[in-house]
Amino acid sequence: MKYKPLSPFSVLLVLLSSSCHSLDTITPTHPIKDGDVLVSNNRGAFALGFFSLGNSSTRYVGIWYNKVSEQTIVWVANRDTPLNDTSGVLSINNHGNLVLHNNNTRNLNPIWSSNVSLSSSNSSAKLLDTGNLVLIQSSSSNNNAIWQSFDHPGNTLLPSMKLGLDRKTGLNRFLRSWKSPTDPGTGNLTYTINPTGFPQLYLYKNNFPLWRVGSWTGQRWSGVPEMTPNFIFNVSFIDNADEVSITYGVKDPNVFSRMVLEDTGHVRRVTWQAHERRWFEIWFAPKEECDEFKRCGSNANCDPYNADKFQCECLPGFEPKFEREWYLRDGSGGCVRKSNVSTCRSGEGFVKVIRVKVPDTSKARVDEKLSLKECKEECLRDCSCVAYTSANEILESGCVSWHGDMEDTRTYTQVGQNLFVRVDKLELAKYAKHPYGSLGMKGMLAILSVSICLLMFMVVIFVYWFVKARKRRTRRNRKYSFRLNFDDSPNLQEFGSTHNSDLPFFDLSSMAAATDNFSTDNKLGEGGFGSVYKGQLSNGLAIAVKRLSKYSGQGIEEFKNEVVLISKLQHRNLVRILGCCVQGDEKMLVYEYLPNKSLDSFIFDATKRPLLNWKTRFEIICGIAKGILYLHHDSRLRIIHRDLKASNILLDSALNPKIADFGMARIFGGEQIEANTNRVVGTYGYMSPEYAMEGKFSIKSDVYSFGVLLLEIVTGRKNSGQYEDITCTTLVGHIWNLWREGKAMEIVDQSLGESCSDHEVQRCIQIGLLCVQDFTSERPSMSAVVSMLSNIESTLPTPKYPAFIFKRTNYESSDPSTSEGIYSVNEVSMTMVEAR
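Reminder that position 450 of the sequence shown reads as 434 in the working numbering, one-by-one numbering, no gaps.
Worth double-checking, as some hints may not be accurate.
[What the hints assert, rightly or not] Below 16 Å or equal to it, Euclidean Cα-Cα: the simulated EDC-like pairs (lysine to aspartate or glutamate) are: (1) K322 / E303; (2) K163 / E246; (3) K680 / D758; (4) K353 / D223; (5) K146 / D135; (6) K581 / E510; (7) K518 / D505; (8) K305 / E391; (9) K278 / E391; (10) K409 / E510; (11) K293 / E309; (12) K347 / D389; (13) K702 / D589.
[As the list claims (entries may be wrong)] Beta-carbon label-pair distances, calculated as ranges: (14) S735 / A416: 51 to 57 Å; (15) N190 / A638: 15 to 21 Å; (16) M729 / T166: 23 to 29 Å; (17) M729 / E603: 45 to 51 Å; (18) D491 / A416: 41 to 47 Å; (19) M440 / G202: 34 to 40 Å.
These aren't lab readings, by the way, just hints derived from the structure by calculation. Here a beta-carbon is modelled for each residue, glycine too, at the ideal position from N, C-alpha and C.
Take the sequences, apply the hints, and build the full model.
Written out as structure tokens, the structure reads:
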């Protein structure tokens, strides 16, 4: 959590005050007043005193880092009862308790108190170098710590602080968010260990789970793949009859590290970099849609790395519960066991699903004594057992088994546990040749032996050929790195693509040098296509390098598509491509670097959203509209983007919008206005109904996406998001209902404050509703949209019923006869035939 630094005058006052009143202990005769500072013993790593946040005059007592230049609060005593002036005193009262009070009111109605029962008033308080404030009761025999701030965390977890439940005393240590960066009052987010079943860590909002951090795997939480052993931290997890808790330690005491539960709903682990004078982020979560609790419902797996596919997929042996909703990329209904199959003593087995966060273990059965092999045998004997895994992924020991629906499973790219899912014999046979299939040990050994023999034979036969082929491939790659062949796309030839493209090409070594060998410190973002890195060319020009993953769904066709399209497009509201690199398996695009990243990082972030006032948002809306108009009407050929969304709108240093990511775009001929495809690509929530359900796309498909994007900019909310005040409709449907009732201004982003013009905002909402109408013929063209935005006094048409405004709730009937009007879908066959 970052705070506004103290002014030089305030710093001087603190230094002068601390020089006169610097303390290391609070005793009955030595309290601290507002202006005094208590500094931890030994290294002086932490300080305790009075402070204010932002421009507020209210005063709090708290602990902060004493040797970090950026004031960072780690604990607040009176977080819900601030002082209104500087008369506060922190002292030991007549009963030996640590109390916060005004002058001369030490024993009467304290503002805050440690509130413990003491046998003696002979006590004192010390601030330790761990950041722990300890109340000590002195006796003739020893000194006992009877209260400590570590037992009452705020929003920050420090090294050596326990997080978890003391089963003997009932003391539960958990993080609770602040209300805002300038208000440390008790927020609505909690980060706590749930001891039910196999203990797990959860992030809750208003007691509703937002993110299941998962169970302990032996070295990390199952939902935090970044939390692997390293040279900085050591972690201790305890689960026994006395307690269930976790403690993070730092191997080097001079390293300052903390974990913070932010009011935005993120948990962030950071470490202080003294030479850069900033907090360096190690990991944060949740950060992907698949982190959302039960994103894909029961018995399903969420895979965020499927670029062209739906991220929700049923676990082996299961099928979607609601096929039409699944087709529309709504996986909340989950999956059910396939019909007419038997998984009980009928030749069934297990399919291994690799690298996942295993399902919710709150109702799982655990036997720490069983090995993984014994776990399989035990699960196979029990027909109610649907899946199993090991309790410790390092030792492959302990048995965790599920006997009902499996909730909240997701896939990771590199680390994760193996989940063994029970399937019938037909399903088992289908997966036998699949890389995730379950082969016996003998089968694995046989395959391994044959593979080794074949490999040795091929090495002996082809060693000479391999050396020659490698030399030829190197020469060909150099040639290919400076020339792309796009002649197999007729429309691209008409667009001006030739062998001798004037687009600059870079070699792989220059890209590696520019990005510091694709360092994680330079990574700007990551998606299903791969990663984007910040770089700097030898001439000092800042660039953004989009490096396509070898496993990306965006293949050579999409790559060539984007290279040719962007290299030939020139408009101030389209991202500018500087070149590309094709060498071996590597495919990269080099863009101009835009320091403000994407639009979604502003409008969907509560802390950055206020930076966009109404004037700026209106200019962004107009800029996006002009960019789309150029694609539809003013470029040489008509271009349909097909994936317009907030994350594909980049912002330059002046917050001017630039449309990016043309990998899914399609080119139309001069008079062509519509095409069909059976390969539906795009993002759920932005896709028009005729495209999502029938595979038809046109310029009106982009108009629909623009309408959704416009409404998101005005409201600061995602169309596909979940909100407490929107229950039975999407964001678009909610806005439609408010607009019909004359209450459209109620949904406008509150952070706009007085910066917005009611007339302009209502006009933009009406334009957005015109763009998302169900029928393509009723949606305006982009030229009409630009005209409506420019001529603010012109009369607008009345919008009609929008598309996709209803969503399924937990209480809604699943009977098709009762929901046909809402979920009417034209059935189409899904093939991989590309549209012309």
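Here is what the structure says about each hint:
Of the pairs offered as hints, the one joining K322 and E303 holds, with about 6 Å between alpha carbons and a cut-off of 16 Å not exceeded. Note on K163 and E246: the hinted pairing holds, with a Cα-Cα distance of about 9 Å set against a maximum of 16 Å. Simply put, K680 and D758 have alpha-carbon atoms about 13 Å apart, close enough for the 16 Å limit, and the pair holds. A distance of roughly 15 Å separates the Cα atoms of K353 and D223; the hinted pair therefore holds under the 16 Å criterion.
For the suggested pair K146 and D135, the alpha carbons sit about 8 Å apart, so the restraint of at most 16 Å is met. Note on K581 and E510: the hinted pairing holds, with a Cα-Cα distance of about 12 Å set against a maximum of 16 Å. Distance hint between K518 and D505 is fulfilled; the C-alpha atoms sit about 9 Å from each other, no more than 16 Å. For the hint pairing K305 with E391, the CA-to-CA distance comes to about 14 Å; that is within 16 Å, so the pair holds.
Restraint check: the Cα-Cα separation between K278 and E391 comes to about 6 Å, which is no more than 16 Å; the hinted pair holds. With a C-alpha separation of about 39 Å, the suggested pairing of K409 with E510 is violated against the 16 Å cut-off. Between K293 and E309, the direct Cα distance comes to roughly 15 Å. Compliance with the 16 Å bound is thereby established for this hinted pair. With a CA separation close to 10 Å, the supplied pair K347 and D389 stays within the 16 Å bound.
A hinted pair counts as satisfied when its Cα atoms are at most 16 Å apart, and K702 with D589 qualifies at roughly 11 Å. At about 56 Å, the beta-carbon gap between S735 and A416 stays in the expected band of 51 to 57 Å. For N190 and A638, the Cβ-Cβ distance of about 39 Å falls outside the hinted range of 15 to 21 Å, so the restraint is violated. Against the hinted window of 23 to 29 Å, the Cβ-Cβ separation of M729 and T166 comes to about 26 Å, which satisfies the hint.
One distance hint, 45 to 51 Å for the beta-carbon pair M729 and E603, is violated here, with the actual separation near 21 Å. As the Cβ distance of D491 to A416 is approximately 44 Å, the hint placing it in 41 to 47 Å holds. As the Cβ distance of M440 to G202 is approximately 37 Å, the hint placing it in 34 to 40 Å holds.
In this structure, the hints that do not hold are numbers 10, 15 and 17, in rising order.
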